[in-house]
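Engineer: Single-letter residue listing:
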Amino acid sequence: MEVAFVLEKLILVVIVFVITLVVAMYSTLAERKVAGFMQDRYGPDRAGVFGLLQPLCDGGKFFFKEEIIPAGAHKPLFILGPVIAIITACISSAVIPWGQELEIGGRVISLQVASGINIGVLYIFGVIALGVYGIMLGGWASNNKFSLMGAIRAASQSISYEIAMGLSLISLLMVTGTLQLEDIVAQQSGFVNWYIWVQPLGFLIFMTCAFAECNRVPFDLPECETELVGGYHTEYSSMKLGLYMFSEYINMFVSSALMAALYFGGYNFPFMYELGLSQNWITIIGTLVFFLKIFGFIFFFMWIRWTLPRFRYDQLMNLGWKILIPLAIANIVLTGIITLIKDTYFQ
Amino acid sequence: MSVFYFMAFLSIFFALMTIFSKNPVNSVLYLVLTFFTFTIHYILLNAQFLAVVNFIVYMGAIMVLFLFVLMLLNLNKDTEPMKSHFVKFMGAIAGMCLLATMLGAFHVIESNNEYVTGNTDVGLVKNLGKVLFNEFLLPFELSSILLLTAMVGAILLAKKETKKVNG
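These protein sequence lines map, in sequence, to chains A and B.
Counted from 1, the first sequence has number 145 at position 145 by this note's numbering; the numbering is strictly sequential.
Counted from 1, the second sequence has number 117 at position 117 by this note's numbering; the numbering is strictly sequential.
Bear in mind the hints are in silico, worked out from the structure with no lab data behind them.
A portion of the hints provided could be inaccurate.
Computed list of lysine to any residue pairs in SDA-like fashion (alpha-carbon distance at most 25 Å, straight line) [as the list claims (entries may be wrong)]:
(1) A/K322 <-> B/S21
(2) B/K130 <-> A/D45
(3) B/K130 <-> A/K33
(4) B/K126 <-> A/A94
(5) A/K342 <-> B/L70
(6) A/K75 <-> B/S21
(7) A/K33 <-> A/G296
(8) B/K130 <-> A/R216
(9) B/K22 <-> B/L70
(10) A/K9 <-> A/I170
(11) A/K75 <-> B/N23
(12) A/K145 <-> A/Y313
(13) B/K130 <-> A/N118
(14) B/K159 <-> A/W321
(15) A/K145 <-> B/K130
(16) A/K33 <-> A/V289
(17) B/K159 <-> A/I329
(18) B/K159 <-> A/K33
(19) B/K126 <-> A/S110
(20) A/K145 <-> B/N134
(21) B/K22 <-> A/A73
(22) B/K130 <-> A/W321
(23) A/K322 <-> B/L65
(24) B/K126 <-> A/T344
All values reported here derive from a predicted model rather than from experimental measurement.
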């Protein structure tokens, strides 16, 4: 392994990390602005122009608030909870291809941190599955009944929706024939090849499950403040609470990126090869387009949050097990049949 | 090789901690760490697919369910059920039986089998899928039937319980 390669990856990791944090930070502002827009009010506008400094103030506030660890709490796990939540949120973006290759001074640099991994999609899936430990441990270690309820809800919700999510991904993988994210994105060049046209049902199921995995409204039962005070983070204060909220926004960012990459062509945009641009320009514009798609999805997350009411718990379970999973299985069978017909009669 | 020895040490250490922790939640967490070291072992063997499946299924699903049940039961030190010596004894015998079976299985495998030696790419998704769906199709299908049976059984048990609650 040469030094330049390690250095290049290190720089990329730092850039991705910083972008993730900045996007998460400004998602909090965007969320409140969107809420303000939906409810016909301004939202935060005092700190800086258009309230642009608001996230910094909030971050500073989190650092300087008093930190309380309840007397009855299981101390190591109480601290470990938010740590796991933020770490799993941050490492999940490692396999997402942010763009094509850049060519700088004869060196070809791929804009993906862990390129060439055989199991890209499954890696993200695994890390998401791990994310629930942060919520569960934090909720249990708080030694509070509301927190425990939140933790238990988080666990059962995440497991139930992971199944439907996995099944909806299987039908996509049957079409792509590969688990490598960079290949999946590369297959969708242009506009007509986007997998949303091939797998609309799969995308709907995947998106619903992504909402549930991020604990976003209408699936935010783990923190459901009307029933559970604050849910799993009732006992948390200061930056520990901040880390939980941050990890939620990072998860939202990563799942938006994943949806854009899997179903909406990632960095591909219409007429990308017809305009006669050089490779570097295609890469740069592609990356910008990718982020535009991601922001679109993040806006969609917020739009849903301020539009739909929360599900009741039994409704959530019914939706997951009795509607989404059978639909996902039907989608797999349908995809299989169509693929078979296509391969036998139209080749 | 040194990475392997370090990871093997960690696996055994966490496995022992699983048995010796008093708090059941700590015990489950050590078990999670044990499975994590297994994942690293798979990666060291270049079995990426097995690694990630182990990661998703064991760490991401089964252990979460373990924790879920423990949290629901809320076992504390004073409410921890003491197992009788008979159960412990039977457990030890069952463990030994498993060990003997494993040793026997390793003994029988010819060391020149291509899946044991040489072909290190067999753990990648494509190769694994081809092997599973061609040469080992029957055992694969049989194990899936076993899983289906277990699933139906679990649903049956759960159904019975709700009837009792309602009626």
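Engineer: Given the hinted pair A/K145 and A/Y313, is their alpha-carbon gap at most 25 Å?
Structural biologist: holds, 17 Å
Engineer: Please work out if B/K130 and A/N118 have their alpha carbons no farther apart than 25 Å.
Structural biologist: Answer holds: B/K130 to A/N118 is near 15 Å, not above 25 Å.
Engineer: Compare the distance between the alpha carbons of A/K145 and B/K130 with 25 Å, and conclude whether the hinted pair is satisfied.
Structural biologist: violated, 50 Å
Engineer: For A/K342 and B/L70, compute the direct alpha-carbon distance and say whether it is at most 25 Å.
Structural biologist: Violated, at about 49 Å.
Engineer: Check whether the Cα positions of B/K22 and B/L70 lie no farther apart than 25 Å.
Structural biologist: The given pair, whose Cα atoms are some 13 Å apart, holds under the 25 Å limit.
Engineer: Checking one constraint from the list: CA of B/K159 to CA of A/K33, max 25 Å. Satisfied?
Structural biologist: The hint is violated at about 47 Å.
Engineer: Given the hinted pair A/K33 and A/G296, is their Cα-Cα distance within 25 Å?
Structural biologist: holds, 15 Å
Engineer: Given the proposed pairing of A/K322 with B/S21, does the C-alpha separation stay at or below 25 Å?
Structural biologist: Violated: A/K322 and B/S21 sit about 39 Å apart, past 25 Å.
Engineer: Need the status of pair B/K130, A/W321: alpha-carbon distance at most 25 Å?
Structural biologist: It is violated: about 31 Å lies between the C-alpha atoms, which goes past 25 Å.
Engineer: Is B/K126 close enough to A/A94, meaning Cα to Cα at most 25 Å?
Structural biologist: Holds: B/K126 and A/A94 sit about 22 Å apart, inside 25 Å.
Engineer: Assess, step by step, whether the Cα of B/K126 is no farther than 25 Å from the Cα of A/T344, and give holds or violated.
Structural biologist: Roughly 22 Å separates the two Cα atoms, so the pair holds.
Engineer: Given the hint that A/K75 pairs with B/N23, does the C-alpha gap stay at or below 25 Å?
Structural biologist: holds, 14 Å
Checked against the numbered hints given earlier, the structure breaks hints 1, 2, 3, 5, 8, 10, 15, 18, 20, 22 and satisfies all the rest.
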